[in-house]
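Q: Here the protein sequences come in this chain order: P and X. Heads up, the first sequence is in the numbering used here, so the first residue is -18 and it goes up one at a time. Heads up, the second sequence is in the numbering used here, so the first residue is 238 and it goes up one at a time.
Keep in mind the hints are simulated off the structure, nothing from the lab. Any given hint could be a false lead.
Stated by the list, open to error - Partial pick of chain X residues on the chain P-facing surface, computed with a CB cut under 10 Å:
hint, residue
1, Ile284
2, Gly430
3, Phe432
4, Asp448
5, Pro450
6, Asn451
7, Gly476
8, Val508
As the list claims (entries may be wrong) - If you want the ones that stay clear, here's a sample from chain X, every Cβ over 10 Å from chain P, calculated:
hint, residue
9, Glu248
10, Glu263
11, Glu290
12, Leu294
13, Gln317
14, Lys480
The C-beta atom is built at its ideal place from N, Cα and C for all residues, glycine as well.
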Amino acid sequence: MAITITTPLTREKVRTLKSGDSCLITGVIYTARDAAHKRLCELVAQGKELPLDVKDSIIYFVGPTPARPGEAIGSAGPTTSYRMDAYSPTMIQQGQTGMIGKGKRSAEVVAAMKEHGAVYFGAIGGCGALLSNCIKKAEVIAYDDLGAEAIRRLEVENFPVIVIIDSEGNNLYDTGRAAYLETVK
Amino acid sequence: MREIKAEKITEVVRKLCINANCYLPEDVKKRIEDMHDAETWPQAREILERIMENYQLAAEGDRPICQDTGLACVFLKIGQEVHIEGDLTAAINEGVRQGYIDGYLRKSVVRDPIDRVNTGDNTPAMIYYDIVPGDKVEITVAPKGAGSENMSQIKMLKPSDGVEGLKEFVLWAVENAGPNPCPPIVVGVGVGGTFDKAAFLAKKALTRDLDVPNPDPAWAALEKELLEKINALGIGPQGLGGKTTALSVNIEQFPTHIAALPVAVNINCHVARHEKEVI
């Protein structure tokens, strides 16, 4: 049975989520990938205000295809997360509590997640058409010049994710694979 | 000499860019479905079901299967009896530009690897020309996403490393990639030639249908053996465990230097796009 998450994602809620949990996210999440993260972290370094409310936020690592007329957004599946490893600890320090992506994370990211209380969700990579059905509204709120990489505010309904790494550092990439390999010994 | 207008090339490339991104080829769908049926791990089966649902939904709605609609890799086999009237390279790039704009595909190209300003129309294409006998032009468009491209590897092995060294390197590349390239993956392997030739062969291997083995029985047997070994790693769909780690291993080999054994591994995701048309 999937766990329902309604944004904002509080630290208290984060601590109840365990690696392997299936979740459905409803509410507001933000998109950002390589270029946007670089700019956000430059603003943090300069002590300037960020163009989004980071506290208790979920950031989805995605660069969607353009929306067709009449659609909220184009295809919108996750991009590989390790490219954001250089930036995520800073964002978590600023109050971000959730990340949606796919693939491995660095020890530094996991340490920041444990220290501050954050969770790493995986969405199914290569399923952009399916996932876009859960995105009801999309609006560019910063860095329009970046095109697909602009920061978007998304309104999502029952957006399906799995907790890959929880706030205690448990990692489904390790435990899921090990559990499967036990069955074929 | 057969005359083909450059505009015709543009028209075909435009169509192939859109079709490749919205409709997964039959050989890939068949392999995903077969491997789903053989999968024993519940989480893996469920992910494969979502993947199948996704490509069906994309095809029904003429929407991109994946948001990473890739670099446009365009392979041309040009018959030497053909004369192209007009600028061929410009015609291909115009086809890519039109396809990516008209098809609502993502523009994922930056003009310079360091300053990283988006070109806005997904050009330039990555173009590979081959001159062959005959009076036809065969065009293959294989959009390539970066999630899997970034997990690719190349190594100059020693001749003494032999086939065992080759196998070890391919398995290492897949293990190292883990969940990052969106498994189940397609593994393109290029063996021989020079440093750059091996990399090209690995990419070319990804354009071969998954149900077509290497024509040389010894290399076909190696493809099969490597696929079995990769699928025993347990990485599984999306890296969450299971036996469906790779859909296929496609190897292309070429003569090489007495002192060399280059091996390149070009990884593709399950959205293994490749569309072909002959003019």
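Q: If a hint holds in the structure, say so; if it doesn't, say that too.
A: Here is what the structure says about each hint:
The beta carbon of isoleucine 284/X comes within 6 Å of a beta carbon in chain P, closer than 10 Å, and the hint placing it at the interface holds. This hint is violated: glycine 430/X has a C-beta 29 Å from the nearest C-beta of chain P, more than the 10 Å allowed. About 26 Å separates the beta-carbon of phenylalanine 432/X from the nearest beta-carbon of chain P, more than 10 Å, and the hint is not met. For the restraint placing aspartate 448/X at the interface with chain P, the shortest Cβ-Cβ distance is roughly 20 Å, beyond the 10 Å limit, so the hint is violated.
Nearest Cβ of chain P to the Cβ of proline 450/X: about 25 Å, over the 10 Å cut. The hint is violated. Given hint, asparagine 451/X at the interface with chain P, is violated; its Cβ is 26 Å from that chain's nearest Cβ, farther than 10 Å. Checking glycine 476/X against chain P by beta carbon gives a least distance of about 5 Å; that is within 10 Å, so the hint holds. Interface restraint check: valine 508/X against chain P, minimum CB-CB distance 5 Å, threshold 10 Å, status holds.
Every CB of chain P lies more than 10 Å from the CB of glutamate 248/X, the least distance being 22 Å, so the non-interface label holds. With a least beta-carbon separation of about 18 Å from chain P, glutamate 263/X lies farther than 10 Å from that chain, consistent with its non-interface assignment. In this structure glutamate 290/X is not separated from chain P by more than 10 Å, as the shortest Cβ-Cβ distance comes to only about 6 Å. A cut-off of 10 Å between C-beta atoms contradicts the statement that leucine 294/X is not in contact with chain P; the least separation is 5 Å.
Residue-level check passed: glutamine 317/X sits 38 Å from the nearest beta carbon of chain P, beyond 10 Å. With 10 Å as the threshold on Cβ separation, the claim that lysine 480/X sits away from chain P is violated: the shortest Cβ distance comes to roughly 7 Å.
Of the hints listed earlier, those the structure fails to meet are numbers 2, 3, 4, 5, 6, 11, 12 and 14, in rising order.
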